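K.L.:
Residues per chain, in single letters:
Number of protein chains: 2
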Amino acid sequence: MRIAVLTFDGFNEIDSFVASHILNRVPDRDWRAEITSDVARVTSLYGVVVDAQQPLSFAREADVVLVGSGLRSHEIANDSKLLATLGLDPDRQLIGSQCSGALILAGLGLLADMPVCTDARTRPSVEAAGVEVLDQAFFARGNVASAGGCLTAETLAAWVIWRLKGRDEAERALRRVSPVGEEHASIERVLARIQPYV
Amino acid sequence: MRIAVLTFDGFNEIDSFVASHILNRVPDRDWRAEITSDVARVTSLYGVVVDAQQPLSFAREADVVLVGSGLRSHEIANDSKLLATLGLDPDRQLIGSQCSGALILAGLGLLADMPVCTDARTRPSVEAAGVEVLDQAFFARGNVASAGGCLTAETLAAWVIWRLKGRDEAERALRRVSPVGEEHASIERVLARIQPYV
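Protein chains in written order, with the working numbering: chain X, 1 to 198; chain D, 1001 to 1198.
Keep in mind that the hints were calculated from the coordinates and are not lab data. This one's a predicted model, so the numbers in the text were calculated from it and none came from an experiment. Here a beta-carbon is modelled for each residue, glycine too, at the ideal position from N, C-alpha and C. Honestly, I wouldn't trust all of these hints.
To be verified - Calculated lysine to any residue pairs in the SDA-like style (CA-CA distance at most 25 Å, straight line):
{"#": "1", "chain 1": "X", "residue 1": "Lys165", "chain 2": "D", "residue 2": "Lys1165"}
{"#": "2", "chain 1": "X", "residue 1": "Lys165", "chain 2": "D", "residue 2": "Gly1047"}
{"#": "3", "chain 1": "D", "residue 1": "Lys1165", "chain 2": "X", "residue 2": "Gly47"}
{"#": "4", "chain 1": "X", "residue 1": "Lys81", "chain 2": "X", "residue 2": "Asp135"}
Unchecked claim - Okay, the calculated beta carbon distance ranges per label pair:
{"#": "5", "chain 1": "X", "residue 1": "Pro115", "chain 2": "D", "residue 2": "Asp1091", "range": "35 to 45 Å"}
{"#": "6", "chain 1": "D", "residue 1": "Pro1196", "chain 2": "X", "residue 2": "Ala128", "range": "29 to 39 Å"}
{"#": "7", "chain 1": "X", "residue 1": "Arg167", "chain 2": "D", "residue 2": "Arg1172", "range": "46 to 56 Å"}
{"#": "8", "chain 1": "X", "residue 1": "Gly142", "chain 2": "D", "residue 2": "Gly1109", "range": "33 to 43 Å"}
{"#": "9", "chain 1": "X", "residue 1": "Arg176", "chain 2": "D", "residue 2": "Pro1055", "range": "30 to 40 Å"}
{"#": "10", "chain 1": "D", "residue 1": "Glu1188", "chain 2": "X", "residue 2": "His184", "range": "14 to 24 Å"}
Using the sequences and the hints, build the whole thing.
P.N.:
Here it is, written out as structure tokens:
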């Protein structure tokens, strides 16, 4: 599985790196999550400069596309040229957003009649786009998922693993990163968020 | 406050970026967490290349030093020249480790008679170094703290904020990143880990 973690200038480091790290823990040779960007060197919200691992055109061919949040989400959601380059297709791809990434899913027309999760700050903009926002951390319908609150990024990653490799593999991936001594409660909390939608 | 997030080749992305992101949310002009490395461009465990924001010599002058985990922790813990360059001093700095970063704290001689938290994989090596490992996510004594399990990185960041800016500011920083709809329980869980040690 090839996984594109869409990462634009002004990106939130937690969103892009928690999801990509957990996904890369799946012990499959052909399973790889990569930082995917429209620029070769992408700068985070707090000035961390990272080399993109894939160009934006990779999103179209990836099996999974995750859209993190960042300062440019509003702008990108209205950039029809960039959205067309993405060429996402929920019939053949799993697609997930984190926080303000929901605006980009809305811009792509993926949220018709579908509620989403997002962060409190982005909520008014998503609602202004005519999309219902849920007061919960995670929601999915079919191949499209959304998460609200950066520290829900592990749930988005676990949803991808559950969908493609099953619940047990998702549990194993979470076990490797869970707080020591609290593994059971931590894993159950994440899996309970996903359970209603798989 | 100047905060050095020590990041070496083979680093764990969650450890370095969850802590630095949360710390950078503190709304103080002079408060800044930076990726600090012995190389100008540092490569993560999963091949993400990041520009260092500070050289290793920054660790000596920083007010706070956090040591993430990574593939080189064993090697660094035995590299007396590199450890001397760090020049850490718990009398004037807050120092924290995440997972295998505990090996580096042990190498620095900071864990004399002090138990630590680390991940299950690193535990035998830390115990072999004569250090007691706790079956819990977080521990601190005085100015030295340790966390076990990548997803405890938010606790290490919150401990730093609590120690330097008070409990309310730590709570505010956590609120901005907590899972939507679960904010109260999530924040309380993190603060309860820290409470016994501040």
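K.L.:
Does each hint hold? Answer for all of them.
P.N.:
Here's how the hints hold up against the structure:
For the hint linking X:Lys165 to D:Lys1165, the alpha-carbon distance of about 44 Å lies beyond 25 Å, and the restraint is violated. Proposed proximity of X:Lys165 and D:Gly1047 is supported: the alpha carbons are some 23 Å apart, at most 25 Å. Straight-line distance between C-alpha atoms of D:Lys1165 and X:Gly47 comes to about 23 Å, which keeps the hinted pair within the 25 Å bound. For the hint linking X:Lys81 to X:Asp135, the alpha-carbon distance of about 32 Å lies beyond 25 Å, and the restraint is violated.
For the hinted restraint 35 to 45 Å between X:Pro115 and D:Asp1091, the CB-CB distance of approximately 53 Å leaves it violated. Between D:Pro1196 and X:Ala128 the beta carbon distance is about 45 Å. The supplied range of 29 to 39 Å is therefore violated. Distance hint check for X:Arg167 and D:Arg1172: the Cβ-Cβ separation is about 35 Å, which falls outside the suggested range of 46 to 56 Å. Against the hinted window of 33 to 43 Å, the Cβ-Cβ separation of X:Gly142 and D:Gly1109 comes to about 55 Å, which falls outside the hint.
One distance hint, 30 to 40 Å for the beta-carbon pair X:Arg176 and D:Pro1055, holds here, with the actual separation near 31 Å. D:Glu1188 and X:His184 have their C-beta atoms about 18 Å apart, which keeps the hinted 14 to 24 Å range intact.
Violated hints, listed in ascending order, are 1, 4, 5, 6, 7, 8; each of the other numbered hints is respected by the structure.
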